[in-house]
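So the protein lines, in turn, are chains A and B. Take the first sequence: its letters are residues 0 to 301, numbered as in numbering that gives the first Met the number 0. Take the second sequence: its letters are residues 0 to 446, numbered as in numbering that gives the first Met the number 0.
Any given hint might turn out to be false.
Said to hold, decoys possible - On the chain A side, residues computed to face chain B include the following (Cβ under 8 Å):
hint: 1; residue: 69
hint: 2; residue: 183
hint: 3; residue: 190
hint: 4; residue: 193
hint: 5; residue: 194
hint: 6; residue: 260
hint: 7; residue: 261
hint: 8; residue: 262
hint: 9; residue: 269
hint: 10; residue: 270
hint: 11; residue: 274
hint: 12; residue: 275
What the hints assert, rightly or not - Under the rule of at most 27 Å between Cα atoms (straight-line distance), these lysine-lysine pairs were calculated in the DSS-like manner:
hint: 13; chain 1: B; residue 1: 165; chain 2: B; residue 2: 3
hint: 14; chain 1: A; residue 1: 248; chain 2: A; residue 2: 195
hint: 15; chain 1: A; residue 1: 119; chain 2: A; residue 2: 133
hint: 16; chain 1: A; residue 1: 248; chain 2: A; residue 2: 152
hint: 17; chain 1: A; residue 1: 195; chain 2: A; residue 2: 301
hint: 18; chain 1: A; residue 1: 248; chain 2: A; residue 2: 193
hint: 19; chain 1: A; residue 1: 301; chain 2: A; residue 2: 287
hint: 20; chain 1: A; residue 1: 248; chain 2: A; residue 2: 201
hint: 21; chain 1: B; residue 1: 144; chain 2: A; residue 2: 72
hint: 22; chain 1: A; residue 1: 301; chain 2: A; residue 2: 248
hint: 23; chain 1: B; residue 1: 81; chain 2: B; residue 2: 336
hint: 24; chain 1: B; residue 1: 81; chain 2: B; residue 2: 180
hint: 25; chain 1: A; residue 1: 72; chain 2: B; residue 2: 165
hint: 26; chain 1: B; residue 1: 165; chain 2: A; residue 2: 71
hint: 27; chain 1: A; residue 1: 57; chain 2: B; residue 2: 165
hint: 28; chain 1: B; residue 1: 144; chain 2: A; residue 2: 76
hint: 29; chain 1: A; residue 1: 91; chain 2: A; residue 2: 72
hint: 30; chain 1: B; residue 1: 144; chain 2: A; residue 2: 69
hint: 31; chain 1: A; residue 1: 127; chain 2: A; residue 2: 152
hint: 32; chain 1: B; residue 1: 144; chain 2: A; residue 2: 74
hint: 33; chain 1: A; residue 1: 71; chain 2: B; residue 2: 144
hint: 34; chain 1: B; residue 1: 3; chain 2: A; residue 2: 57
hint: 35; chain 1: B; residue 1: 3; chain 2: B; residue 2: 144
hint: 36; chain 1: B; residue 1: 165; chain 2: B; residue 2: 336
hint: 37; chain 1: A; residue 1: 91; chain 2: A; residue 2: 69
hint: 38; chain 1: A; residue 1: 287; chain 2: A; residue 2: 201
hint: 39; chain 1: A; residue 1: 193; chain 2: A; residue 2: 133
hint: 40; chain 1: B; residue 1: 3; chain 2: B; residue 2: 231
Don't read these hints as lab results, they were simulated from the structure. Yeah, the Cβ is synthetic: ideal placement off N, Cα and C, and Gly gets one too.
Spelled out from the first residue to the last, the chains are:
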Amino acid sequence: MNKEELTAMVAEILQGLGREPAVKAADYRNTAPEPSKTDCGYADGDFVPDVTALDLRKLYLVDAPADGEKFKKMKLKTPARLGCGKAGPRYKTLTMLRFRADHAAAQDAVFSEVDTEFAKENDLLPTKTRCDSKDEYLTRPDLGRCFDEHNAKAIAGVIDTPPRVQLVVGDGLSSAAITANAMDCLAAIRDGLKLKGIDTGKAIFVKYCRVGAGDAIGDITGCELVCMLVGERPGLVTDKSMSAYITYKPRTGVSESSRTVVSNIHAQGTPAVEAGAYVAELIDTILKRKVSGVGLHLEEAK
Amino acid sequence: MSEKLTSVGLDVGTTSTQMILSELEIENRAGSFAVPELSIEGRRILYRSPVHFTPLLGQDRVDARALRMIVDAEYAAAGITKAQVDTGAIIITGETSRKENARAVLEALSDYAGDFVVATAGPDLESVLAAKGAGAVAYSEQSGKTVLHMDIGGGTSNLSLIQDGKIMSTSCLNIGGRLVKISPEGQLTYVSPVLDGIFPKHPGDYVNQAEIRQLAETLAQVLEMAAGLREKTQLLTALTTEGIATPACALARNDSTDFVISFSGGVADCIETEHPWLAFGDMGPELGQAIRCGRLCRGNYRLGAETIRATVIGAGCHSAQLSGSTVFHQNMAFPLKDLPVVRRPEQLAQLDSPGVLALEGPPRPGYRGIQTLAEALAGVFGDSPVLIAAEQDMAKALGQALALRLGRDAPILCIDRVRLTEGSYLDVGTPLGPAFPVVVKTLILNT
Numbered sequence: 000m001n002k003e004e005l006t007a008m009v010a011e012i013l014q015g016l017g018r019e020p021a022v023k024a025a026d027y028r029n030t031a032p033e034p035s036k037t038d039c040g041y042a043d044g045d046f047v048p049d050v051t052a053l054d055l056r057k058l059y060l061v062d063a064p065a066d067g068e069k070f071k072k073m074k075l076k077t078p079a080r081l082g083c084g085k086a087g088p089r090y091k092t093l094t095m096l097r098f099r100a101d102h103a104a105a106q107d108a109v110f111s112e113v114d115t116e117f118a119k120e121n122d123l124l125p126t127k128t129r130c131d132s133k134d135e136y137l138t139r140p141d142l143g144r145c146f147d148e149h150n151a152k153a154i155a156g157v158i159d160t161p162p163r164v165q166l167v168v169g170d171g172l173s174s175a176a177i178t179a180n181a182m183d184c185l186a187a188i189r190d191g192l193k194l195k196g197i198d199t200g201k202a203i204f205v206k207y208c209r210v211g212a213g214d215a216i217g218d219i220t221g222c223e224l225v226c227m228l229v230g231e232r233p234g235l236v237t238d239k240s241m242s243a244y245i246t247y248k249p250r251t252g253v254s255e256s257s258r259t260v261v262s263n264i265h266a267q268g269t270p271a272v273e274a275g276a277y278v279a280e281l282i283d284t285i286l287k288r289k290v291s292g293v294g295l296h297l298e299e300a301k
Numbered sequence: 000m001s002e003k004l005t006s007v008g009l010d011v012g013t014t015s016t017q018m019i020l021s022e023l024e025i026e027n028r029a030g031s032f033a034v035p036e037l038s039i040e041g042r043r044i045l046y047r048s049p050v051h052f053t054p055l056l057g058q059d060r061v062d063a064r065a066l067r068m069i070v071d072a073e074y075a076a077a078g079i080t081k082a083q084v085d086t087g088a089i090i091i092t093g094e095t096s097r098k099e100n101a102r103a104v105l106e107a108l109s110d111y112a113g114d115f116v117v118a119t120a121g122p123d124l125e126s127v128l129a130a131k132g133a134g135a136v137a138y139s140e141q142s143g144k145t146v147l148h149m150d151i152g153g154g155t156s157n158l159s160l161i162q163d164g165k166i167m168s169t170s171c172l173n174i175g176g177r178l179v180k181i182s183p184e185g186q187l188t189y190v191s192p193v194l195d196g197i198f199p200k201h202p203g204d205y206v207n208q209a210e211i212r213q214l215a216e217t218l219a220q221v222l223e224m225a226a227g228l229r230e231k232t233q234l235l236t237a238l239t240t241e242g243i244a245t246p247a248c249a250l251a252r253n254d255s256t257d258f259v260i261s262f263s264g265g266v267a268d269c270i271e272t273e274h275p276w277l278a279f280g281d282m283g284p285e286l287g288q289a290i291r292c293g294r295l296c297r298g299n300y301r302l303g304a305e306t307i308r309a310t311v312i313g314a315g316c317h318s319a320q321l322s323g324s325t326v327f328h329q330n331m332a333f334p335l336k337d338l339p340v341v342r343r344p345e346q347l348a349q350l351d352s353p354g355v356l357a358l359e360g361p362p363r364p365g366y367r368g369i370q371t372l373a374e375a376l377a378g379v380f381g382d383s384p385v386l387i388a389a390e391q392d393m394a395k396a397l398g399q400a401l402a403l404r405l406g407r408d409a410p411i412l413c414i415d416r417v418r419l420t421e422g423s424y425l426d427v428g429t430p431l432g433p434a435f436p437v438v439v440k441t442l443i444l445n446t
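Just chain B, same shape as in the assembly (with noise of 0.2 Å):
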């Protein structure tokens, strides 16, 4: 068997947006006398739209009315209709998220992508998806080496530290390229706010190229703490997104040849190719030249196979997976979107919206297992769909364990081989097949 999955990936970053196209093969591993074992084993980009700059009015708010005409004109342009777009992701990133209308933005596109589109706005997933997109996962997993990811954009750096293919942890910090804009005569047009005494000019004033430099210099170091090779200060903590921990980063170190620093974002291409330094009328040139003269480019380092398009392909390719191919439902519509995750049926009475309950084990459930387990679940869902998501390979004996207790009528969802943390959100798209592809988000908008 073999299924293609039409998927969209739309990036709505500070300074850029993208949209990609993408075709997804789904295979079944297993041989046809054994238990089917669907995987996405495929993934090829039909179309990449050029990279335009995200619409503002004024400098915090998307314009919601021309990205959508960007859309249209991408779709229009890749030859695709929204019914043909089976999942999807449309992220919105780094400063732009974080502006007041992003909601409405999402709002105004998430009919865009046929009915399995995740819209989302998370850093860690942000950090997850340009790790992959750029190839940092898939060359940490060839190489067997530790793999420190920065994708430097124009509001945010996006990290993510690879062990063995695996992302180990995710950090995000408000540093990018376009956290001053300059006009062409180098007077500043626009002062982010997170630098906030880090850069004492305001947006009136007239800059030189020694002066961003300085700033740049400045803004690598940051970075440099984050990887572990320089002693921390308060500053990484006042550009540490809120609300995300410390990275563990700070394991990482240069000093070993299996060790490797890798770049992706619009200033990983300012870090082997030099710029004027208003060739776009932001600090990203300098910022690129910092790192490249800093401690980051002292040991390993590549740039990312894709490097601004990094986080789009990420969003386009890899932000669906799949689950186990032995599932269980009944009366269920699907798709199900952002369902809260707990991993404490307790947890499950204080969602105001049904919540995806998640089971780490056991491993290799015996049957009298299955049916304590079903027996002690049955009840804590109250009226609520009984929503679980197992790690282990139990899902179907477990879902018929449950219905047999809760009758046909019952609405009965258990997918497995899907790995879910707390806080996490879950999108589950309608079956292919055995399996659902499902998305997983770390974080989504607060509304």
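Chain A extracted, bound-state conformation (with noise of 0.2 Å):
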């Protein structure tokens, strides 16, 4: 490729990108809108075809209001359920049917699993703990922390020689979070430690995953460092959202409180591919002060 369409190349990358609202350095907030081109479009009496579909930051509902237009400012910085109006002592209708949906959404991400094919399509080492349903993973945290004897067997088989970083896609409480963002964020985390000179080996996919499985894979490959990219509880803000459990020396029976870890990785929060060029380089740290969780803390305040 020359210069001439190298400069094109770049040209049409920026000039796709569309103008956004600009965010500055001192506004950030983890709760920055959605960007959103039109306004919410809903007047009060449309039919709304898909409820889940409207910016909760820009549905203002109440009748009347004193000064509606500085309320709704206010509320484009919080996706809470505020300005929501009333009918009679109750919700309107609109509201019911949101938060319901929010709320089914949000079941879902947890009963819902992981295609199948998603393992095999990412080139991921297909495994699964000792759960065998989602009602049981549910019920028995204790199972979602390590493998029967097949599982850990697939595990030694291809994960033959202790790596120091052992990178792991758990499912979690929310099978959206890692659809959404599991892929971006470990091809990032890849990438960060190449640039490190940290080489990372096949990457394993967990079905009923807690993330006191890291650990059980800590004893069967002998790693130096897990990294876990597992979903979030979801809750009626999003139903996406992915943590990095970062485990040093991960072996059954170390302390919550050696875990560091990484939250609130989806679209509205830290962008998966960003959180992932962090994480790599807390890896390379860890990796370096050989502590991870809060003795990392206290290594640094040091």
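From these two lone chains plus the hints, build me the complex, please.
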């Protein structure tokens, strides 16, 4: 590719990006509004084909407000269900339906499973904890932290020399979060580690996964560090939030305080790719300091 | 985490020179379990200097040596040394900035404030700093009102239109209290060249209060035009500083309770307080009264929380901002100063010195998006260091992707959450934990 072509390509990319509302350094909040070109587009009494498509930050339902415009400006800063108005002593129908829809999405994120093809398509080693169903997963946390002999052998068979860093993707409590964020984040982590001269081998996908499953993987592989991307318990704001749990010397029985966590990885929080780049640097720091979790904070405070 | 930055502000204006020392408190706003998010959470003024007259040699040259002595004395009075200062701004403003030796003055002083101080003289930046320093931006943010802020100094008036705490536009007019100087006997000792064709008197002529009042009323009317409260005439164009577009302030309307005009600068102190017309040997008192009796004060108006010190407080407390807290840098030495900003890659080749490429988007790019961007950008910097400032949160990932392509020896700096416009300049200080203090300058002195 010559210089002119490159220049043209960059110009094309930059033009295609479109103008988004500027977020200044100091103004940034994790709850930055999801940029949308249009207003919420809802007027009282409209037929709404999909209640979840309305932007909660723009949905203002109070009848005859004293100063609705100002309330709307404040409302842009939070996805909380404020300014909902009321019908007698109750919510309006739209508010009620949206609440139930978001609640249903959160439950779905927990109860649905990551596509069976996900691991294969993304070149992950597919494994499963001792749980056999979502119900068992939810009622028996202990079983979500360990593997049966078959799965343990599968892991040991593929990862035969102890790696420095073992990357793991677990469905956890939100399959939606993993589908939406895990692979982007994982790729950025790999790049960041490569830059630090740390190679990462095959990553493992764990079905019915609790964070503690990483310790079992540590037992099996003998790795120095586990970084697990896992779906967070969904809420009513997003069902796609993911966390990265990093444990130095992961072995069954390590204390929870020895884990370093980066949470709120989703489109409206920290973007998956940027979070991945950050996690890679964090892993490098942890490997150098040989400690994670609270110990790392204490070490850095020195 | 809580860190402190010591910031100094020095304002060398047409009339007065002032210094403040302040402490900026940096805090991580994110929780312990999230990606850090540093921001400036507190600003505390530790020391305010008295208001000095700007030392001049003749009418149009700043006396650099005398100025240095003032600064020496103020550092001593504030009890700080050069090494203790982390950031801040020296700003040479108003008519003084156009004086031929302004750059020499900046150079004489620039060693003064640690290794990260912006030396600048752009009227745009001055408007922004004055509006922030006067508290007009904070007032607009808290009240939700639209504020037209006017900082009326000795030689210039800096206007900012602020909506919801955001500065929408700025402009600068050649209107100030010291466009004429008058001896205690009423003899003119100085008439600014900008008054050519507006004021028929010359140095040496005697004037009376009525004549000065008439001039003041003419100038106050021009401010009313800038505020959109009066039909525009060519006087507005004539008095608008060269190179600055006619203000968008025209969209301001004084008929709404949501619109407020606010004032700072030395002349602001002459609006609600009447002084004898020769109290300061200039037209400040008359200009203040002309403003008070005119259309600007007919609607809602307020004086800034700071008046004569607004610009210096802006320079000391509000010139630095922080980049996003996930950034990327390798093989770079800081601070970096006066980096020209471009928005299109092909413009980089036209610069004599390394430039910063400002990227607007895309918002929340995926991994593939970052790779494509890095692939395209890897070649455009040639032998110069790769300098990128993105608005969206992606600097660390983009920097890593570039480093993988250009190698670990390539000099690369990627920061984000900074908004830069074409033609501005960027200073980048030494990193503060995971973030960089940056100063965006909208204009610097023409060399």
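Now for the hints, and whether the structure bears them out:
no.: 1; hint: 69; result: 5 Å, holds
no.: 2; hint: 183; result: 4 Å, holds
no.: 3; hint: 190; result: 5 Å, holds
no.: 4; hint: 193; result: 7 Å, holds
no.: 5; hint: 194; result: 5 Å, holds
no.: 6; hint: 260; result: 5 Å, holds
no.: 7; hint: 261; result: 6 Å, holds
no.: 8; hint: 262; result: 5 Å, holds
no.: 9; hint: 269; result: 5 Å, holds
no.: 10; hint: 270; result: 4 Å, holds
no.: 11; hint: 274; result: 6 Å, holds
no.: 12; hint: 275; result: 7 Å, holds
no.: 13; hint: 165(B) / 3(B); result: 25 Å, holds
no.: 14; hint: 248(A) / 195(A); result: 20 Å, holds
no.: 15; hint: 119(A) / 133(A); result: 21 Å, holds
no.: 16; hint: 248(A) / 152(A); result: 20 Å, holds
no.: 17; hint: 195(A) / 301(A); result: 24 Å, holds
no.: 18; hint: 248(A) / 193(A); result: 21 Å, holds
no.: 19; hint: 301(A) / 287(A); result: 15 Å, holds
no.: 20; hint: 248(A) / 201(A); result: 19 Å, holds
no.: 21; hint: 144(B) / 72(A); result: 12 Å, holds
no.: 22; hint: 301(A) / 248(A); result: 22 Å, holds
no.: 23; hint: 81(B) / 336(B); result: 18 Å, holds
no.: 24; hint: 81(B) / 180(B); result: 36 Å, violated
no.: 25; hint: 72(A) / 165(B); result: 13 Å, holds
no.: 26; hint: 165(B) / 71(A); result: 17 Å, holds
no.: 27; hint: 57(A) / 165(B); result: 20 Å, holds
no.: 28; hint: 144(B) / 76(A); result: 18 Å, holds
no.: 29; hint: 91(A) / 72(A); result: 21 Å, holds
no.: 30; hint: 144(B) / 69(A); result: 10 Å, holds
no.: 31; hint: 127(A) / 152(A); result: 12 Å, holds
no.: 32; hint: 144(B) / 74(A); result: 17 Å, holds
no.: 33; hint: 71(A) / 144(B); result: 14 Å, holds
no.: 34; hint: 3(B) / 57(A); result: 37 Å, violated
no.: 35; hint: 3(B) / 144(B); result: 32 Å, violated
no.: 36; hint: 165(B) / 336(B); result: 26 Å, holds
no.: 37; hint: 91(A) / 69(A); result: 21 Å, holds
no.: 38; hint: 287(A) / 201(A); result: 22 Å, holds
no.: 39; hint: 193(A) / 133(A); result: 36 Å, violated
no.: 40; hint: 3(B) / 231(B); result: 47 Å, violated
Going through the hint list in order, the structure does not satisfy hints 24, 34, 35, 39, 40.
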